[in-house]
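S.K.: Sequence:
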Amino acid sequence: MRLSRYLAPTQKETPAEATIVSHRYMLRAGMVKQSAAGIYSWLPLGQRVLRKIEQIVREEQDHAGAVEVLMPTLQSADLWRESGRYDDYGQEMLRIKDRQDRDLIYGPTNEELIHDIFRQSVRSYKQLPMNLYHIQWKFRDEIRPRFGVMRGREFLMKDAYSFDVSEEAARTSYNKMFLAYLRTFARMGLSAIPMKADPGPIGGDLSHEFIILADTGESEVFCHKALVEMAPPDRNIADDDLQSVVDQRTSYYAATDEMHDAVEFEKVAEADRLTARGIEVGHIFYFGTKYSEPMNVTVAGSDGKDVFVEGGSYGIGVSRLVGGIIEASHDDDGIIWPMSVAPYEVGLINLKAGDEATDKACDALYDELGAAGIEVLYDDTSERAGAKFSKMDLIGIPLQLIIGPRGLKDGKAELKVRATGERDDISLDAAAQKLVAMVEQAR
RNA sequence: CGGGGUAUGGCGCAGCCUGGUAGCGCACCUGUUUUGGGAACAGGGGGUCGUAAGUUCGAAUCUUACUACCCCGACCA
6 MRLSRYLAPT QKETPAEATI VSHRYMLRAG MVKQSAAGIY SWLPLGQRVL
56 RKIEQIVREE QDHAGAVEVL MPTLQSADLW RESGRYDDYG QEMLRIKDRQ
106 DRDLIYGPTN EELIHDIFRQ SVRSYKQLPM NLYHIQWKFR DEIRPRFGVM
156 RGREFLMKDA YSFDVSEEAA RTSYNKMFLA YLRTFARMGL SAIPMKADPG
206 PIGGDLSHEF IILADTGESE VFCHKALVEM APPDRNIADD DLQSVVDQRT
256 SYYAATDEMH DAVEFEKVAE ADRLTARGIE VGHIFYFGTK YSEPMNVTVA
306 GSDGKDVFVE GGSYGIGVSR LVGGIIEASH DDDGIIWPMS VAPYEVGLIN
356 LKAGDEATDK ACDALYDELG AAGIEVLYDD TSERAGAKFS KMDLIGIPLQ
406 LIIGPRGLKD GKAELKVRAT GERDDISLDA AAQKLVAMVE QAR
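Note that the numbering used here numbers the first sequence so that position 377 is 382, with each residue one more than the last.
Everything labelled a hint here was simulated from the structure, so no lab data went into it.
This structure is a prediction, so every number in the text was calculated from the model and none was measured.
Watch out, some of these pointers could steer you wrong.
[To be verified] Calculated lysine-lysine pairs in the DSSO-like style (CA-CA distance at most 27 Å, straight line):
1) Lys357 - Lys310
2) Lys417 - Lys365
3) Lys272 - Lys230
4) Lys57 - Lys38
5) Lys131 - Lys310
6) Lys439 - Lys357
7) Lys38 - Lys17
8) Lys17 - Lys357
9) Lys414 - Lys57
10) Lys365 - Lys439
11) Lys417 - Lys17
12) Lys201 - Lys230
13) Lys357 - Lys57
14) Lys414 - Lys365
15) Lys131 - Lys201
16) Lys414 - Lys439
17) Lys357 - Lys272
18) Lys131 - Lys38
19) Lys143 - Lys201
20) Lys57 - Lys131
21) Lys310 - Lys365
22) Lys439 - Lys421
23) Lys439 - Lys417
24) Lys131 - Lys102
25) Lys272 - Lys365
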């Protein structure tokens, strides 16, 4: 993409309302624009990151056997009356009337809707286990939205819902999601720690929050240090082995402040204790028949008798992750995107736009990298060099190729790694090949 | 929802107390000199001062109501 033809309204100054680093950088890098309290427009750079995160989530859900659907944002109030949550959910749920005076709600979550779909379509235990997910905008009318996209009112969430014929089978579904989540976050460069969680209003008795550590996190967390460095689990684990892998991950102490047990924590060797702040990026629940009973969701068991299905739900805050990743990966100059979610993989800086030789060299590399499938943000504007460097660092493009007349005389360009700040001369002829290799290795 | 605050060009702010028809920095446009880490100079464009009503010869400025947004708290993906 040529920057001269793009919408990336970066700013030198920090907007007054942003108090945390991810919000500041998202506004300064021109990724989002606030439209109302807790509601944002996603500008091109933000939209690309959002889509990349969404795609990683999708791939890992698919791989874990979940099946994608898409449910609407608006839902009939009747379904919520059936589950009993129309009255329980409170003012966080946005209620709307249509022109016929029918009650609608803007969905804060989708348990009711998915159970309705399921009960109308699935009749037999033979079709189970089944896990349906979608990635859709949610609305929760928070008392106080804040921290940019970290606690917005409208947010993009992946929510999956598992259906099983027995509690034991449901636990297998739960474990699959548990491990898929660890892989999902690892692919975004995040170390997410599963922590025992309070199931809250969703209900049930088995629940974990996935927390990434960041100084600006909303909750205080306590855990064993080993969890931070733990490698993500293997992608292919036999069903019979799931429990032992999950057990290995949950055997260490890890809890948020509301579930914290100081006595248990004391049993961890002092050098291994970690107290930090964290951001919740995922939350999984097993809730049994909490919805299937009131909504009469049954399948025929192997004995021919109907049984209530055992359910679980699994959420990932996709739009929150955009902020979360920035909180976890930035410096004083701006964002440092992991390659997997970067809006563009390579930033190409033309230090002297308008100079024939420089333009020619840059244009050629832009074409070559594009042809090789690399996503390039090409700064072809006539700004000064310093402004271009600052902007590219602020936006956080992981690899930068800097081309100016000075190096060009010797057939050289400069390759800069955003994360480390390292800059090396590289021959112009070898640049494309080298970049392709680096990008592919880091994807 | 309780407490506090703000609203003036795209962004950051001054002007308000003491009423006289809007200013600064950044950004934007033109030109010149520059040109490797957010250049300098000169010229220029852009604002019904959140909305409505009131007081007044005259309101960004005083009064009232409303709205929006931000911060702290309780609540939450």
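S.K.: Now tell me if each hint is right for this structure.
M.R.: Outcome of the hint check:
no.	hint	verdict
1	Lys357 - Lys310	violated (76 Å)
2	Lys417 - Lys365	holds (14 Å)
3	Lys272 - Lys230	holds (13 Å)
4	Lys57 - Lys38	holds (19 Å)
5	Lys131 - Lys310	holds (13 Å)
6	Lys439 - Lys357	holds (23 Å)
7	Lys38 - Lys17	holds (16 Å)
8	Lys17 - Lys357	holds (22 Å)
9	Lys414 - Lys57	violated (38 Å)
10	Lys365 - Lys439	holds (20 Å)
11	Lys417 - Lys17	violated (30 Å)
12	Lys201 - Lys230	holds (16 Å)
13	Lys357 - Lys57	violated (32 Å)
14	Lys414 - Lys365	holds (13 Å)
15	Lys131 - Lys201	violated (32 Å)
16	Lys414 - Lys439	holds (20 Å)
17	Lys357 - Lys272	violated (62 Å)
18	Lys131 - Lys38	violated (48 Å)
19	Lys143 - Lys201	holds (25 Å)
20	Lys57 - Lys131	violated (35 Å)
21	Lys310 - Lys365	violated (74 Å)
22	Lys439 - Lys421	holds (12 Å)
23	Lys439 - Lys417	holds (13 Å)
24	Lys131 - Lys102	violated (40 Å)
25	Lys272 - Lys365	violated (65 Å)
Of the numbered hints stated above, those contradicted by the structure are hints 1, 9, 11, 13, 15, 17, 18, 20, 21, 24 and 25, listed in ascending order.
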